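Student: Let the sequences and hints guide you as you build the complete structure.
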Amino acid sequence: MTTSSTTKSTFEIAVLPGDGIGREVTPAAVEVLEAVVARVGGFKLKFTSHAAGAQHYADTGTALSDEVMKAVGTADAVLFGAMGMPHIRYPDGTEIAPQLDLRVAYELYAGVRPIRSMPGLPTPLASPRAADIDFVLIREQTEGLFYARGRGEVLDDREARDTMLITRKGMTRVSDFAFRLAERRKARGKTGRVTWIDKANVFTSMAFARKVFQERAALFPDIQNDCAYVDAMALNLIRHPWAFDVMVTENMFGDILSDLAAGLVGGMGMAPSGDIGDKHG
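Be aware that the sequence shown starts at 913, since it is given in the numbering used here, and climbs by one per residue.
Just so you know, these hints were derived from the structure itself, not from any lab.
In this text the structure is predicted, and so the values were computed from the model without any measurement.
Take these hints with a grain of salt, some might be off.
DMTMM-like cross-link-like pairs, simulated, lysine to aspartate or glutamate; straight-line CA separation at most 20 Å [what the hints assert, rightly or not]: (1) Lys1191 x Asp988; (2) Lys982 x Glu1019; (3) Lys1102 x Asp1044; (4) Lys1098 x Asp1134; (5) Lys982 x Glu924; (6) Lys920 x Glu946; (7) Lys1081 x Asp1190; (8) Lys1098 x Asp1157; (9) Lys920 x Asp988; (10) Lys1098 x Asp1046; (11) Lys1191 x Asp1088; (12) Lys982 x Asp1013; (13) Lys1081 x Glu1127; (14) Lys1102 x Asp1157.
Tutor: Below is the structure:
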């Protein structure tokens, strides 16, 4: 996931098939990419597959080895399938999710999921305007409630606690990412609007996040901005998803809403995502 020179002609792709459906879709994705190379020409892709994930943890005791972590860091890009199996868990009961380790290690703070209707695919929405669905959901994925992973505590088998973390740095960079994306989409004829999704009416951390978002919004006067509560957004994504352009939200909310959004356009298979940072991704 290194930043590559535009003069390179061969690009290293680390392939992490992972578990379950991931092992089915990644070989097909490789075939598609190889066909693109053959059609376009002028560059080459070198694919190297690596074992990681829940089954690898069950077999070896390690979900993501140091060797694979290093290979990911030196590759030009990563083709990631899917990781995690409900029946294979850590001793604390949580599932195996090496993708979370990759996001933190390489500061892949923006989880970007484009949601777009494709001709011929079924949609659960009756409105003909469902054909106009075309928005991007950005999930901050280095902090938020996921910060609690590995840090939670159970006290005397009576209560459990997890901590949400929101930082100015995290909010600044993911907000700026969203506004820059909206600028590019506006140049292609889209609305040019960023919506921040939170629960600022309840949580101090999210009121702070909204404050930082609005400060960053002032630096992009040509892009519209607004805020929405996550419960209202879950409703409106079903009522009128074609009304949105770029949305950005906290880690946990993004995890949930991105799956809901994928269901609007045919399912997860029709809504691939990318993990992007300033130096990797």
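Student: Against this structure, judge whether each hint is valid.
Tutor: Now the hints, each set against the structure:
no.	hint	in the structure
1	Lys1191 x Asp988	11 Å, holds
2	Lys982 x Glu1019	15 Å, holds
3	Lys1102 x Asp1044	11 Å, holds
4	Lys1098 x Asp1134	9 Å, holds
5	Lys982 x Glu924	13 Å, holds
6	Lys920 x Glu946	17 Å, holds
7	Lys1081 x Asp1190	13 Å, holds
8	Lys1098 x Asp1157	9 Å, holds
9	Lys920 x Asp988	10 Å, holds
10	Lys1098 x Asp1046	12 Å, holds
11	Lys1191 x Asp1088	15 Å, holds
12	Lys982 x Asp1013	13 Å, holds
13	Lys1081 x Glu1127	13 Å, holds
14	Lys1102 x Asp1157	7 Å, holds
The structure meets every hint from the earlier list without exception.
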